[in-house]
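Two chains, two frames, a set of hints: combine them into the complex.
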Amino acid sequence: MQAIKTVHLTKKYKDITAVDSLDLTVEQGELFALLGVNGAGKTTTIKMLTCLTKSDSGNAFVNDNSIITDVAAVKSIIGVSPQETAVAPNLSVRENLELMCGVHGFTKEKRQAKTKELSEQFDLTAILSKRAGKLSGGWQRRLSIAMALISEPQILFLDEPTLGLDVLARSDLWDSIRALKGKITIILTTHYMEEAEALADRIGIMKDGKLLALGTSEEMKTKAGTDKFEDAFVAIVKGGKKT
Amino acid sequence: MRLLAFSGRTAKEILRDPLNLFFGLGFPLVLIGLLTAIQANIPVPMFELDHLTPGITVFGLSFMTLFAAVLISKDRESALLQRLYTTPLTASDFIFGYTLPILPIAVAQGVICYIAAALLGLKLTITVLYALLFIIPVALFYIALGLICGSVFNSKQVGGICGALLTNLSAWLSGIWFDVDLVGGVFKKVADVLPFIHAVELERAVFSADYSNILPHFWWVLGYTVVAVVGAVLLFLRQMKKQ
Chain A
0 MQAIKTVHLT
10 KKYKDITAVD
20 SLDLTVEQGE
30 LFALLGVNGA
40 GKTTTIKMLT
50 CLTKSDSGNA
60 FVNDNSIITD
70 VAAVKSIIGV
80 SPQETAVAPN
90 LSVRENLELM
100 CGVHGFTKEK
110 RQAKTKELSE
120 QFDLTAILSK
130 RAGKLSGGWQ
140 RRLSIAMALI
150 SEPQILFLDE
160 PTLGLDVLAR
170 SDLWDSIRAL
180 KGKITIILTT
190 HYMEEAEALA
200 DRIGIMKDGK
210 LLALGTSEEM
220 KTKAGTDKFE
230 DAFVAIVKGG
240 KKT
Chain B
0 MRLLAFSGRT
10 AKEILRDPLN
20 LFFGLGFPLV
30 LIGLLTAIQA
40 NIPVPMFELD
50 HLTPGITVFG
60 LSFMTLFAAV
70 LISKDRESAL
80 LQRLYTTPLT
90 ASDFIFGYTL
100 PILPIAVAQG
110 VICYIAAALL
120 GLKLTITVLY
130 ALLFIIPVAL
140 FYIALGLICG
150 SVFNSKQVGG
160 ICGALLTNLS
170 AWLSGIWFDV
180 DLVGGVFKKV
190 ADVLPFIHAV
200 ELERAVFSAD
210 YSNILPHFWW
220 VLGYTVVAVV
230 GAVLLFLRQM
240 KKQ
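Protein chains in written order, with numbering that gives the first Met the number 0: chain A, 0 to 242; chain B, 0 to 242.
These aren't lab readings, by the way, just hints derived from the structure by calculation.
Using N, Cα and C, we set each Cβ at its ideal position, and we do this for glycine too.
Among the clues, some could well be false.
Stated by the list, open to error - Ranges of calculated distance between the beta carbons of each label pair, as one might list FRET restraints:
hint : chain 1 : residue 1 : chain 2 : residue 2 : range
1    : B       : 185       : A       : 58        : 23 to 33 Å
2    : B       : 103       : A       : 229       : 53 to 63 Å
3    : B       : 236       : A       : 182       : 49 to 59 Å
4    : B       : 238       : A       : 7         : 26 to 36 Å
5    : A       : 1         : B       : 91        : 45 to 55 Å
6    : B       : 158       : A       : 13        : 25 to 35 Å
7    : B       : 89        : A       : 119       : 29 to 39 Å
8    : B       : 170       : A       : 38        : 22 to 32 Å
9    : A       : 38        : B       : 238       : 21 to 31 Å
Unchecked claim - Derived pair list, reagent style SDA-like, types lysine to any residue, alpha-carbon separation capped at 20 Å:
hint : chain 1 : residue 1 : chain 2 : residue 2
10   : A       : 4         : A       : 20
11   : A       : 180       : A       : 206
12   : B       : 241       : B       : 75
13   : B       : 73        : A       : 132
14   : B       : 11        : A       : 63
15   : B       : 73        : A       : 135
16   : B       : 73        : B       : 10
17   : B       : 240       : A       : 16
18   : B       : 241       : A       : 4
19   : A       : 133       : B       : 73
20   : B       : 241       : A       : 118
21   : A       : 227       : A       : 207
22   : A       : 180       : A       : 222
23   : A       : 129       : B       : 155
24   : A       : 133       : B       : 17
25   : A       : 13        : B       : 238
26   : B       : 73        : B       : 22
27   : B       : 241       : B       : 153
28   : A       : 11        : B       : 241
29   : A       : 182       : A       : 118
30   : B       : 73        : A       : 9
31   : A       : 13        : B       : 237
32   : A       : 115       : A       : 128
33   : B       : 11        : A       : 82
34   : A       : 220       : A       : 236
35   : A       : 133       : B       : 151
36   : B       : 155       : A       : 89
37   : A       : 115       : A       : 179
38   : A       : 206       : A       : 19
39   : B       : 240       : A       : 82
40   : A       : 206       : A       : 222
The following block holds chain B by itself, in its conformation from the complex (with noise of 0.2 Å):
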């Protein structure tokens, strides 16, 4: 019931601003519809739609990060935390109330962005609904790091890391936009060693059926997962008791 109570307000607060609308779901439908038209004009493997769609679910999550983020610094700035903690709730009641509503969001932006490259031509079959099975672990890596950016920065901050630097890297060194191969060097090694790849070539096993790809990227996005969780209720626990 508490948990409830907080959850629906959580839910509220993000999808009732109209940036997060924008971000959340406009942004990533209009890449996807962009280099869908620059595909039609210039043809480039990449931006086909049954390779592109995957990475763009993935890229819309950095978003998740951002509203996460913002929402609790927000939160912790207004004094509006300092209130619900002399309050009966719990601390699991806080992190499970800021996660849990945030994962429905995801999943259903990865939803639009499917719907929206069936309408430009994607042939969508069962798997699609496996790939949005295994946007979940990829979601809850994005939410705990909206987590642990808002138990440590102000929400200026935030806009800064999140916004810019957490969604550039995520598009950077990813593989959505251009193969990591044709840079190489350090820059494929870094990419190779952070998650954002991996949950894109996940995705993208997972959506083309390719069966036997999916484990060695699953276990990285579930190890990185693992410890953004971990990291996410410690430095959350850690700001409560600074309150």
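Okay, chain A solo, but in the shape it has when bound (with noise of 0.2 Å):
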């Protein structure tokens, strides 16, 4: 069954057209990689799919939601962790869980239940009690996933995850995203090449709001003949055109 399916997705900015009639469909339970330089078009996808922003034309549906007409239920359903490290600074770790909990309504008991078992998962458990604010780069990020996963997502977006990271803070994250493949649907963004190489099943390239590519890295780096997959990705996006 497909998770996502985009069907002439477009989104323009005045002049500019971010995303250019997207189609696009992702498995479930796969973890699906959205690869561009800066401007390509990658945050406003999913923007757009997690009904952030409105699209001009054409539609997409979520687990068959459509995020023009069942917006609720999409929201229902996702998991967002934005670009920004997107947590309330003057809160504890186990506060900013709480929250989460707490604007999807969950009771005190499955409240307190998610909160252990997130902070398990995450590694989280030694710093419960620290201001998010205080927290490293790399910890902030890892309780923005946290965060993202409280409501029990059927998809969960992760934009840019590990921008910004050192290298020991990013390997920690590809980690905790490894752990989480199969388990739920994951579209991931990011302008590192080893990092789509490395998670994702399957890869799409975006530049000027179009896929330029759709594949595995093994698949690219064979169609574009290379034996590096950033190799392949340059020779892609340096063609411009579809492969």
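This is how it looks when you write it as structure tokens:
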């Protein structure tokens, strides 16, 4: 079953077409990476799929719910970790997790259970009483993803989850993301080649709002005739043609 | 439940910031103490506690604008709002969630100012309760201004506009520190059409049981409060759409 299906999805900002008639499908349980240089349209695509931005034309279906007509249904099955660190800085780690439980209307018992479960899953137990604003970038990102998972989403959107992190923090976060693979559908945007190659089942490369290439990293290397995925990416983006 | 979770977070973010506590509570108390000391040495009718304290309680509310505006602008910048927009929270949850927790903080600020004034010699009667009741529409006006500024400006701009400009406007054009009749001319005309002086005169009239003087000032305050609340709702919804 398809977790995501976009049909001629388009978004324009004045004269700029940020996303240009995007047709894309993502299967359930898949970890799909959207790759592209800055301004490629990755974040705008995510914003439309998460109902943060309205499309100008076309449609998209998230587990068969339209992002245009079934907004409440879409919001009830997704979790989002935005590009910037989206935590409440003066709240403790526990309070941040509980805030997300609260806004999803969980009972006290479920709130306690989910807080315990996610703090164990993301190794947050030791820092539960620490203020989120005092944590390092890596730990804030980890908390941010845990907050996105509170609602038990069927689809998780991770927008540039490792942006600005050092090598170790990135490696730790990759482990956390890998642990989620297969359990839920994950849509990841990144402009780190190695991240997409290491984590994703399939990769979509975007440029100027268009999907230039779609497939596994191996398929893209073969099609581009390169040994390295980074070279394949450069060849595809510079070529600017669909593969 | 959802509103409660979001409101709780708003209150915690504000009350846990030491700068907020200093400016919100400390500054009005310092002013009462300082001006009372001046009054003790050089008697000025303007600085008599029964005249000064209602004015200080209104001036203190300008910090509520700052609290609301800083919190909202930072939430926008950190993408916390973006994350929360993908949850089942509704627009009214956000607007009430930012507004309602600040109201009791505003009333508490008034209570503390009157307690401090009482310790310095102000004679308290039942009218202090009425004055605290009438502080609610005035506080609502200032909080709505905060929602407007937080929805329109970034946190740096908010610091300048709400922290410097509004507190100065609220101080100079309110008749707390000097009688605007003494300045006269355009200054007095401008002061008379703005809400600040009416808010102060309203509180003075209520506290001194000068009932005939309440309604003329109350209508000004109410009018400005309604306009500010409508403006706040419209501008907040606009920035929500822009996300």
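Going through the hints against the structure:
Between residue 185 of chain B and residue 58 of chain A, the C-beta spacing of about 57 Å breaks the proposed range 23 to 33 Å. Look at residue 103 of chain B against residue 229 of chain A: about 56 Å separates their beta carbons, and that is inside 53 to 63 Å. Here the CB-CB span from residue 236 of chain B to residue 182 of chain A is close to 36 Å, at odds with the stated 49 to 59 Å. Taking 26 to 36 Å as the suggested C-beta distance range, the pair residue 238 of chain B and residue 7 of chain A conforms, at roughly 29 Å.
For residue 1 of chain A and residue 91 of chain B, the hinted distance range of 45 to 55 Å is not satisfied, since their beta carbons lie about 34 Å from each other. At roughly 30 Å, the beta carbons of residue 158 of chain B and residue 13 of chain A sit within the given window of 25 to 35 Å. In this structure, residue 89 of chain B and residue 119 of chain A meet the distance hint of 29 to 39 Å, their C-beta atoms being roughly 32 Å apart. Between residue 170 of chain B and residue 38 of chain A the beta carbon distance is about 46 Å. The supplied range of 22 to 32 Å is therefore violated.
The hint said 21 to 31 Å for the Cβ distance between residue 38 of chain A and residue 238 of chain B, and at roughly 23 Å that hint holds. Between residue 4 of chain A and residue 20 of chain A the alpha-carbon distance is near 12 Å, which keeps this suggested pair within the 20 Å criterion. A C-alpha spacing of about 26 Å is found between residue 180 of chain A and residue 206 of chain A, which places the hinted pair above 20 Å, so the restraint is violated. Taken as a hint, the residue 241 of chain B and residue 75 of chain B pair is honoured in the structure, with Cα atoms around 11 Å apart against an allowance of 20 Å.
A hinted pair counts as satisfied when its Cα atoms are at most 20 Å apart, and residue 73 of chain B with residue 132 of chain A qualifies at roughly 12 Å. At most 20 Å may separate the alpha-carbon atoms for a hinted pair to count; residue 11 of chain B and residue 63 of chain A exceed this at roughly 39 Å. A distance of roughly 18 Å separates the Cα atoms of residue 73 of chain B and residue 135 of chain A; the hinted pair therefore holds under the 20 Å criterion. As the CA atoms of residue 73 of chain B and residue 10 of chain B are separated by approximately 15 Å, the hinted pair is consistent with the 20 Å bound.
Between residue 240 of chain B and residue 16 of chain A, the direct Cα distance comes to roughly 19 Å. Compliance with the 20 Å bound is thereby established for this hinted pair. For the given pair, residue 241 of chain B sits about 24 Å from residue 4 of chain A by alpha-carbon distance, which is inconsistent with the 20 Å threshold. As the CA atoms of residue 133 of chain A and residue 73 of chain B are separated by approximately 16 Å, the hinted pair is consistent with the 20 Å bound. For the proposed pair residue 241 of chain B and residue 118 of chain A, the alpha carbon gap of about 33 Å is over 20 Å, so the pair is violated.
With a C-alpha separation of about 23 Å, the suggested pair residue 227 of chain A and residue 207 of chain A falls outside the 20 Å cut-off, and the hint is violated. For the hint pairing residue 180 of chain A with residue 222 of chain A, the CA-to-CA distance comes to about 26 Å; that exceeds 20 Å, so the pair is violated. Restraint check: the Cα-Cα separation between residue 129 of chain A and residue 155 of chain B comes to about 26 Å, which exceeds 20 Å; the hinted pair is violated. Pair hint residue 133 of chain A plus residue 17 of chain B holds up; C-alpha atoms about 15 Å apart against a cutoff of 20 Å.
Between the alpha carbons of residue 13 of chain A and residue 238 of chain B the distance comes to roughly 18 Å, so the proposed pair stays at or under 20 Å and holds. Proposed proximity of residue 73 of chain B and residue 22 of chain B is supported: the alpha carbons are some 18 Å apart, at most 20 Å. Between the alpha carbons of residue 241 of chain B and residue 153 of chain B the distance comes to roughly 14 Å, so the proposed pair stays at or under 20 Å and holds. With a C-alpha separation of about 13 Å, the suggested pairing of residue 11 of chain A with residue 241 of chain B holds against the 20 Å cut-off.
At most 20 Å may separate the alpha-carbon atoms for a hinted pair to count; residue 182 of chain A and residue 118 of chain A meet this at roughly 18 Å. Between residue 73 of chain B and residue 9 of chain A the CA atoms are separated by roughly 30 Å; this puts the pair beyond 20 Å, and the hint is violated. At most 20 Å may separate the alpha-carbon atoms for a hinted pair to count; residue 13 of chain A and residue 237 of chain B meet this at roughly 17 Å. Note on residue 115 of chain A and residue 128 of chain A: the hinted pairing holds, with a Cα-Cα distance of about 13 Å set against a maximum of 20 Å.
Between residue 11 of chain B and residue 82 of chain A the CA atoms are separated by roughly 25 Å; this puts the pair beyond 20 Å, and the hint is violated. Restraint check for residue 220 of chain A and residue 236 of chain A: satisfied, since their Cα atoms lie roughly 13 Å apart, inside the 20 Å limit. For the hint linking residue 133 of chain A to residue 151 of chain B, the alpha-carbon distance of about 27 Å lies beyond 20 Å, and the restraint is violated. At most 20 Å may separate the alpha-carbon atoms for a hinted pair to count; residue 155 of chain B and residue 89 of chain A meet this at roughly 19 Å.
Of the pairs offered as hints, the one joining residue 115 of chain A and residue 179 of chain A holds, with about 17 Å between alpha carbons and a cut-off of 20 Å not exceeded. Taking the CA atoms of residue 206 of chain A and residue 19 of chain A, the gap is about 10 Å. The hint holds against a cut of 20 Å. Of the supplied pair hints, the one linking residue 240 of chain B and residue 82 of chain A holds, its CA atoms being roughly 18 Å apart against a limit of 20 Å. For a cut-off of 20 Å, the pair hint linking residue 206 of chain A to residue 222 of chain A stands: about 18 Å separates their Cα positions.
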